[in-house]
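Combine both chains into one complex, guided by the hints.
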Amino acid sequence: MGQTVSEKIISRHIGRSVGAGDLVVTPVDGVMATDTTAPLALKAFEKMGGTKVFDPTKCALVLDHAVPPPNERIANLHKMMRAFAAEQGMRLFEIGEGICHQVMIENAYVKPGDIFIGADSHTPTYGAVNAMASGVGSTDLAATMMTGKIWLKVPESIKIICNGQLQTGVSAKDLILYLVGKITISGATYKSVEFEGEAFEGMTVASRMTIANMVAEMGGKTAIVNPKGLELDYDFDPIYPDHDAHYVDTFEFDVSNLEPQVAAPESPDNVVNISQHAGQEINYAFIGTCCNGRLEDLQAAAQILKGKRIKSGVRMVIGPASKNVMLEAMNDGTLQILMNAGASIITPGCGPCVGTHQGVPGNDEVVISAANRNFRGRMGNPNSNIFLAAPATVAASALAGCITNPKEFL
Amino acid sequence: MVHVYGDNVDTDRIIPGKYTKTLDLSTLADHVLEDLDPDFRHNVKDGDILIAGENFGCGSSREQAPIALKQCGLSCIVADYFARIFYRNAINIGLPILEIGNHDIEKGDDIEVDIEQGVVTNKTKGKTYQATQLPQVMIDILEEGGLVDYLKKHGDYQLS
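Just so you know, the protein sequences line up as chains A and B, in that order. Each residue of the first sequence is one higher than the last, beginning at 6 in this note's numbering. Each residue of the second sequence is one higher than the last, beginning at 858 in this note's numbering.
If we strip away everything but chain B, and leave its shape as in the complex, we get (with noise of 0.2 angstroms):
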């Protein structure tokens, strides 16, 4: 099931301030989207997608707004394009992020993720979409689960 939002959801609306000050990360799950979409967090399923528009996650520096996405059961999310703390930040920690400039997709479309490949599939609509190669290093990031097993596996950055 797809979750469609529209341009410029920020971090605030993403994970309420008065909610980050915690280690206890699945609490983040219980407020995600509150102040956008109250139903959200009672909807979400596992391996749902999130739609949306614009500078999706800007605001904010905190990484409790992609830990909560994650959280909730969000299996990726794809946004014509990502602010850039934040898309940091979902790489970070394993959340896979594509960005589709301009992508037409509605709520109620069917839609299959590729996401090693990029690809976006609408059987709704007849169509596939290709997103943005991530820079290298990402990807190696990505690959290994997020930054923090990356450096656990390589001690540094390695730029190739």
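So here's chain A without its partners, still in its complex pose (with noise of 0.2 angstroms):
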């Protein structure tokens, strides 16, 4: 029987065959842990008897998760892991160098055919450059830096394949929330999602980035990105499922008259279309996170806010999703337009997606957001109410001071 993807990625990498269902310990070929995993998984790695990492050059730990630190309590962990990667020679991500995800594929940290296993729940975002790459918790994450290793359960696979072309103003995130919304935040657990079709071909790696991003709430162990079409910096050889390969469920849908989508709160997969909720009134547009803060999308939101001035009484906190995108968005202006039209640029991060700092709502206050979670309190505050969306859609809400539909200004 043909192979899926991860299942092909796994086989690889242990030298033998293996399907769905198999036990395995698999080499991996990178690890990462950020400011909210890596102080246990250092305490954890120090009382398993760890005294290297098996390989410093394949693990990194990265300053994002609340940066820069808003108090001692933070800045000593943050001393803690400075310490702890220059001991072991590794790379330490400063704050302001960027979100996790963002930087291990900028950095190729993460190439098509790994296994990359990170300590955060978003790490199946490396499913965009072809990788099989899995979210862990600090114990795991602990023993793989000791290691190399990790133990997995070959996961089934489902494939969602969609045809068709999203029309201007509908962006990859209106497609997975879509998505999100159909199979359900439970709908993939335990299990390896794999997207194709016309929809995804022509997808940038950013865009790839924000579909194989939210898996994570689906549930799903990894994501995988149909490589066709796929383009990187460098060479690599894609690896696409076999014909014959298994899938427990295939969906298949039209997305080429696909709407806008908001997920309401207080869960990603209460999602519907925008003229749902059209016209709700709005305190605080977000733009950034590791699902949403790459140039493309800062851009889309300053192809609306051009010239124009968001709503009084709304604000408006935009996160790049990392230095370079910063950079870039400076320097072609998109920056500029977004603080011209009334923005606040805060430093890449996680920032106010983990309710750490950065732009907490106040009660009952109603949030837009590009991020990819709207759990109650997940900003900070469970009396406030956070509705989800994509980066235009945000921009035009700020811009009209409730749940607007971007085409409205394009």
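There could be a bad hint or two in this list.
Claimed, not checked - Between beta-carbon pairs, the in silico distance windows are:
#1 Met335(A) x Asp864(B): 39 to 47 angstroms
#2 Met6(A) x Gln993(B): 22 to 30 angstroms
#3 Arg898(B) x Asn368(A): 17 to 25 angstroms
#4 Arg898(B) x Met85(A): 46 to 54 angstroms
Just so you know, these hints were derived from the structure itself, not from any lab. Ideal placement from N, C-alpha and C gives every residue a C-beta, glycine not left out.
In structure tokens form, the structure reads like this:
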């Protein structure tokens, strides 16, 4: 029988053919932890007898979840991470260099065909570049840093085929929100989710990252965007599924008439067409995160906000996904457009999405956010409500002061 | 005593992100489940059991979620099924969890758990439920008290 992409990648790593359900211990090609997960991981590493990481060139620490540190406690956790990275001779991405998933892909820490383990739930994002990547917690991460291996059950795979091209004003975010709504927050639990079809083929790496990123919101173990049409700055051998690979479920959609989508509070799978919430007043608009903080996302917002001012009484926060993104957006004038429209630009990092600082909403306030989660309390205040949408929708809504279809401004 | 909740209890509800950046693990129990049930942390007693529906622990990879639940004194979590990172994290830190699909345990039921056998007895309803068998590697990890002690002892993964 043929193999899915996850089955192929794992088989190549362990040197024998495996299929869904097999338990394996596999070597990994990269390991990453953040300032939320690394401190506990470093403690666990020490306690389990770790002295040297398995390969310092394949391990990285990223300061992104609370940067610059908002208090002394977090400053001291950052200090501990810097000391560990220096002692091990491994790379530490400093405050402001960017969000873990963005810097891993920008710096080619993960490449097609790799197995990558990240101590962050959005690690499946690397399926954008044809890698098998999975999120773990701190202790698993420590064990992987020490051994260079992880135990896994080879996942069953789901295939999602999307035919047709997205309309102008409808983005990868709208598509993945729509798909999360269909598959639900638990529909891909433990599974590998493979995306293929015309809708994905013309997508940039940035858009593919948005797609793979929200597989976490389906419960998926890993995501694979079919590499057809994938362009990287280096040569690579794409890994495709076999024609007779086995999928436990296959879903097929025609997305050529898809409308902009929103996920209403308090779950990312609470997704409907934007028309159902159009006119909902908002107080706060946020664009950023590992889901939608890339140059094309900021440009989509700038296209709508150029020469205009956001609604009086509404505030807008922009968190570029990395320093590179920020520099590019600075050089091409995007940041200037956004700032002149009234937006506040924050340090590249996770910022408001994880509710630690840099933009916590007030009581009873409504947020429209380009992030990937809207659970209660997600942005730091359980008495606020978060709607998720594409960057263009967030920008259009900031302009109008209420949830607004971006097509009205295009 | 059992504490019963529904489906899709996410890790932001188990321990909000604003409290996770710490190595003082005792502080996690001060905020456990506060956005889902503000009374829980005051009512929970050592040895209590948390009962949930489907997809318990979905969302973030934060290991602080199972740690908070362990720190507050819970002896075990029973759910229809768990989100995958939470599932690994709980075993890795030595918090027993039992997956029992379609259980009908309700608030007020008198529950007894045999973790080793994976059997839950509902004395109120006069029923027993058998949990899904863990993979052997997870049983081995749990038996050592968690992944730290497992690796301290073995130095590497042992797959039988």
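* Which of the numbered hints above does this structure break? -> 4
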